[in-house]
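Put together the whole structure using the sequences plus the hints.
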Amino acid sequence: MLLISVIVDCVSKSYSSGLFSKRYDKILSDISLEITKRKTVGLIGPSGVGKTTLAKIIMGLENPTSGKILIDGTDIWNAPSEERDTSLKKIKMVFQDSQGSLNPKKTIKQSLYDTVNLMGLDASTRESLVLELLDRVGLSSDIFCRYPHQISGGQNQRVALARILLVKPEYVILDEPTSALDIAVQAQILELLNNLQKENNFGYLLISHNIPLIDFMSDEIVVLDKGSIIFRGETKEFTEFNSLKNKNSFKV
Amino acid sequence: MEILEIQDLNVKFTTPIGEVYAVNNASFTLNTNETLALVGETGCGKSVIANTIMRLLPQNAEISGNIFYKGNNLLKISDREMEKTRQQEIAIIFQNPTLSLNPLYKIGDQISEPLFVHKKISKKEAFNKTTKLLKTMGFQNPSKSYEMYPHQLSGGMNQRVILSISLTLNPSIIIADEPTKGLDNELVKDIVEEFKTVNKINNSSLLLITHDLSLARELSDRIIIMYSGDIVEITKTESFFKNPLHPYSKILLNSLPERGFNPPKGNSPSMVNIPKGCKFHPRCPHKKKICSEKIPPIYSIDGGNVRCYLFQ
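From first to last, the protein sequence lines stand for chains A and B. Residue numbers for the first sequence follow this note's numbering, so the first one is 62 and each next one is one higher. Residue numbers for the second sequence follow this note's numbering, so the first one is 1228 and each next one is one higher.
Note that these hints are calculated values from the structure, not bench results. Be aware that one or more of the hints could be misleading.
[Unchecked claim] Using 30 Å as the maximum straight-line C-alpha spacing, the simulated DSS-like pairs for lysine-lysine come out as follows: (1) Lys1514/B to Lys87/A; (2) Lys100/A to Lys166/A; (3) Lys100/A to Lys1492/B; (4) Lys1356/B to Lys1297/B; (5) Lys229/A to Lys151/A; (6) Lys1492/B to Lys229/A; (7) Lys1408/B to Lys87/A; (8) Lys1303/B to Lys1371/B; (9) Lys287/A to Lys1463/B; (10) Lys1362/B to Lys297/A; (11) Lys1408/B to Lys1351/B; (12) Lys1356/B to Lys297/A; (13) Lys1515/B to Lys259/A; (14) Lys83/A to Lys287/A; (15) Lys1346/B to Lys1416/B; (16) Lys287/A to Lys1427/B; (17) Lys1346/B to Lys1362/B; (18) Lys229/A to Lys83/A; (19) Lys166/A to Lys1346/B; (20) Lys1297/B to Lys287/A; (21) Lys297/A to Lys1469/B; (22) Lys1515/B to Lys1477/B.
Structural data, given as structure tokens:
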């Protein structure tokens, strides 16, 4: 068994439908997928289908009702807490609303340094690391003294990416990374994501409802509908599947 | 025939960080029974144009120019007359359908409210008109839907309710400000269909404001491209997608998914310190010396209008 990957094994999730209700609504049932390095898995489905919930389960932010998450062979919900923490450090997530995920009361500089300060580096290494990564995502140090609301959506998304690069993860979950951006900026961010993947051997889980985007970025595509997987296969196969279902009649 | 004519519209905001020139020398016309798409990146001044037409801008806005609607200058008429024009003549639909409805009122009451305010008709008549309207907008059981609240309906249904509200008084112009922002593909398809039915039943003109080029292609007859407060191109939608004129339009089209997500170089300028001359020149592959000195005028070629020295 290949140990260098994130394996989602038959994960199900149910929420109770009310505070005292005995009825449970099944959000996800028997989801299995695998994120490997240097590969992008695209997760697609209509809104409210549970895409983000699945991402949160993989990140260890929510516990699955049944099933297992294995990060490089460690079952994160059954491992000792120390082992669990080291495993979870390997996976990071970029959230949908990048502006909302930065602290509005802190400048971009403070937000970035908060992350490095926890790593126990000395001051000069810290600064050079931050500057290097800012340059990598295409930002200049001018934005250091700005607040999240003073910079554009695309710039916020880049800051969020720089923050993730600081901690050197191995897998990255991208939750609708471009849904709030204009098409021109979207193309810029996608190019950046592809370059970062090549340089750092990231494994991506890309969540979106935008079919052309998933088609363009992914090696493997998983389609969720009503809580379960209705398609899992390579991008080529997906194109056939999609033309069969003809769900994508609205496109240019 | 022209129904709305905008001449040399300039909008300037005075803010603590400086003066923001949101719209510069914008001139265009909207014809009867036409769908005109206004496309551009976030912050390029699209919504400012919409709000200027409706006179909804905040106090710190300085407006110059003319907006003629059926011969009246909308910027000069009194507030009272403007109130009559809104809804009755020109209706506007805002971005978020669920947030633009009042959560505490039944949707039927919200749809019939303009009828009471503007037409002063009886309750029964209003009810009949509302249910008829709901039916044309695709609600299967209109008298039941009349009693519902916005939170009981989906985003797409709320969008249809908003459209119904804008249609109650048969306006000649509907302005839709990003009607599909944040909605998924299925809903976008629904909304496209709705706009098409609206066009059929109502014969009104539509000013569609969006950053979604595929939506503009699906719906519009003509397209206006804006960049950083300037109108850079006005053409027929068909010829725009076949043969875009302005360098920025080309870049915009190339970043579409089906053309391979080719990203443009550089970022759009901030509205506070804008480049001199043509605002696009720092990112333009064809820039000449004159581009950084003087703002190009609008040139017309083969039915299209473009603001670029390449077409001199």
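Here is how each hint holds up against the structure:
{"no.": "1", "hint": "Lys1514/B to Lys87/A", "in the structure": "58 Å, violated"}
{"no.": "2", "hint": "Lys100/A to Lys166/A", "in the structure": "36 Å, violated"}
{"no.": "3", "hint": "Lys100/A to Lys1492/B", "in the structure": "26 Å, holds"}
{"no.": "4", "hint": "Lys1356/B to Lys1297/B", "in the structure": "27 Å, holds"}
{"no.": "5", "hint": "Lys229/A to Lys151/A", "in the structure": "8 Å, holds"}
{"no.": "6", "hint": "Lys1492/B to Lys229/A", "in the structure": "27 Å, holds"}
{"no.": "7", "hint": "Lys1408/B to Lys87/A", "in the structure": "29 Å, holds"}
{"no.": "8", "hint": "Lys1303/B to Lys1371/B", "in the structure": "44 Å, violated"}
{"no.": "9", "hint": "Lys287/A to Lys1463/B", "in the structure": "41 Å, violated"}
{"no.": "10", "hint": "Lys1362/B to Lys297/A", "in the structure": "42 Å, violated"}
{"no.": "11", "hint": "Lys1408/B to Lys1351/B", "in the structure": "36 Å, violated"}
{"no.": "12", "hint": "Lys1356/B to Lys297/A", "in the structure": "51 Å, violated"}
{"no.": "13", "hint": "Lys1515/B to Lys259/A", "in the structure": "37 Å, violated"}
{"no.": "14", "hint": "Lys83/A to Lys287/A", "in the structure": "21 Å, holds"}
{"no.": "15", "hint": "Lys1346/B to Lys1416/B", "in the structure": "33 Å, violated"}
{"no.": "16", "hint": "Lys287/A to Lys1427/B", "in the structure": "35 Å, violated"}
{"no.": "17", "hint": "Lys1346/B to Lys1362/B", "in the structure": "21 Å, holds"}
{"no.": "18", "hint": "Lys229/A to Lys83/A", "in the structure": "43 Å, violated"}
{"no.": "19", "hint": "Lys166/A to Lys1346/B", "in the structure": "49 Å, violated"}
{"no.": "20", "hint": "Lys1297/B to Lys287/A", "in the structure": "51 Å, violated"}
{"no.": "21", "hint": "Lys297/A to Lys1469/B", "in the structure": "28 Å, holds"}
{"no.": "22", "hint": "Lys1515/B to Lys1477/B", "in the structure": "18 Å, holds"}
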